[in-house]
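**Student:** Here is how the chains run, residue by residue.
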Amino acid sequence: MASFGLFNYWIAVAIMMVGFYGVIAKRNLVKQVISLGLFQTGVFLFYITMSVYHAPDGTPGRAPVWQAIQGGLAKDPGPYDNPLPHVLMLTAIVVGVSTLSVALAIIMNIKRLYGTVEADEISEIEDAIDHREELTSR
Amino acid sequence: MDALIPHLPVLLVLTPLFGGLLAALMPRRGPAPWMWSLLVTAFEVVLALWMVKQVQRSPQETITYLIGWWPAEYGIAYVIDALNAYVILVVALLAFVSTLYAKSSVEDEIPKDRHNFFYSIWLLAICGMVGICATADTFNIYVLLEISSLTVYTLIAMGKYRDRRALTASLKYLVLGSIGATFILLGIGYLLMLTGTLNMPDMHEQLMLMKAKGTLEGNRTVLVGFAFITVGLGLKMAMWPLHLWLPNAYTFAPSAVSALVASTATKVGVYMAFRFIFTLFGTVYDSSATLALMAFCGTLGIIVSSIRAAQANNVKKILAYSSVGQLGYIVVGFSMANESGVAASVIHILNHAVTKGAMFMACGAVVLRMGNADLKSFYGLGRRMPATMAAFTVGGLGLIGMPLTSGFISKFYLVSGALHDGQWWLALVVLAGSLISIVYVWRVIEVIYFKKTDKRAPVAEAPFTMLIAMWILVSASVVLGVDAELTGRLAEFAARALIGGAS
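First to last, the sequence lines map onto chains G and P.
Every letter in the first sequence is one number past the one before it in this note's numbering, and letter 75, counting from 1, is 75.
Every letter in the second sequence is one number past the one before it in this note's numbering, and letter 182, counting from 1, is 182.
Excised from the complex, chain G in its bound form (with noise of 0.2 Å):
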């Protein structure tokens, strides 16, 4: 029971792996942006787990509002799940999505000046770049 308990936070410790190792290793900006997004949303499902709650007796917790259409806000709610992680996680989210479309805006740029959208391609462009400063500023 311990560890299925765990079973979200090691899923979510996973996919947060998968995405920094993706941003790392991935060599197509594109990719690496979207490994960005994958990182973050690591954190979001950590964040909604912790938030679930059981009843000392075993009775999982239901959703706030759901518990308030059953029986109305004057009887006790009964075990409730944590709203604040959800709330907070819906600001992370529209965070997540703003990095995205600016790194996306960013990426479009690049692609119109630069011709490609591989890092390693952009890297000898840039080199070439600072070999010629290089000569002219002696």
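Calculated directly from the structure, the hints in this document are not laboratory data.
Computed from a prediction, not measured in an experiment: that's the story for all the values here.
A hint or two may mislead.
Simulated coverage check for chain G against chain P, where a stretch passes if three residues somewhere in it have a Cβ under 8 Å from a Cβ of chain P [as the list claims (entries may be wrong)]:
1) 21–35
2) 41–47
3) 53–60
4) 89–103
5) 124–135
Which residues of chain G face chain P? A few of them, derived with a C-beta cut under 8 Å, are [claimed, not checked]:
6) 8
7) 50
8) 106
9) 107
Heads up, the beta-carbon is just placed ideally off N, CA and C, and yes, glycines get one too.
Following the hints, put chain P in place on chain G, whose structure we already have.
**Tutor:** Structure of chain P alone, referenced to chain G:
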């Protein structure tokens, strides 16, 4: 006007936020967006000064503002004490001076029909940075951190109109910055899991309760959370060796953006480090191992980055590498965790902001006149742009730490803090760093005054607004160097408040 006073903390954040949104609605051409930004940042400075006055009235107390009057444990609380009032004032002042400076440089470097958007993002970046300093809610810190980071990525990418390498520099910053912010978010998650609160003073209290009960001993959750936050902050404040995004980002950003970002963005990162390491974990956790590691990174950062600066051939790049080195001084200062060490860090936040801001501005004026910031472009400029180059020189002396400039005061505090703890090797590193900084500053100054100029290029003095902005910062640097009373008292007070939590 007195009715506004209780709302000051939140007004500080809302002013640039709504100012930024309105700037986007301004006419695309013409000086209207610039004038509007100047007005907004000037108002921001007034608010920040007012805030400092409020804090000084009763320095022992903090000013708490509950947004929507929700109690601190449910809602977002803004807590202002001597330290953040001071950092907010630094950010607001630098924002105002950079905006004053931005006019000519933006007209030159950004297409004419984009100025309203440029200033909109510019003000939002300032909003994010001020917000980080004002808030006491950890998740709010994350959100405002992302606001300031995303806007700064965009501002840096706008350097593409001059050099396309700005785009790759910006993307690199975006990827590393997002990883850093996500680490911070993850660390906050661990702390939320443990304490059930996001409010920093509340979190500290919960951790203290756990410590009293003895459940904190060997608790790996808090350890992991602390580790994630420290690494994330290291990325955000460009602590060596996590600084890889910084040199190119500062080099290829538009001149005005370099001046603003170099003088404020990393300083806000340092402020966050103060808050997390001292205020939140100070008494809870023995962070001496982390601080030792940071001292190690800081010292290596000072030496290695200064050497890299001495090798660079682009003056903006020299300044960028020197920024990493100067951040090393700040990191070394607070990692001593004694009073004068932390005071040195706090003072150096202002002093470095002022000197590096002035130097990036002088550099931007050269970019405006010569088209680039190569060392070659500086040949003989001492005669053709005397006021700009004089500003650069005084700034450079401040960077070295000459007496009568502000840099001397920081280094004095730093060395005395190191000797106080008997860590003479730290003092040696600080002095070695100063020696190397003489090399890289002298390389530029020699070229400015002792080389023959390229007569063909018609070069005039920098525009008036640029000169005013530059000289405000240069004279601030000299004033702060001569009269150390002003910052010294504030910094020592802030340091005592921080360390008081830690001893």
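**Student:** So, for every hint listed, does it hold in this structure?
**Tutor:** Hint check results:
no.	hint	in the structure
1	21–35	holds (count 4)
2	41–47	holds (count 3)
3	53–60	violated (count 0)
4	89–103	holds (count 7)
5	124–135	holds (count 4)
6	8	violated (13 Å)
7	50	holds (5 Å)
8	106	holds (5 Å)
9	107	holds (7 Å)
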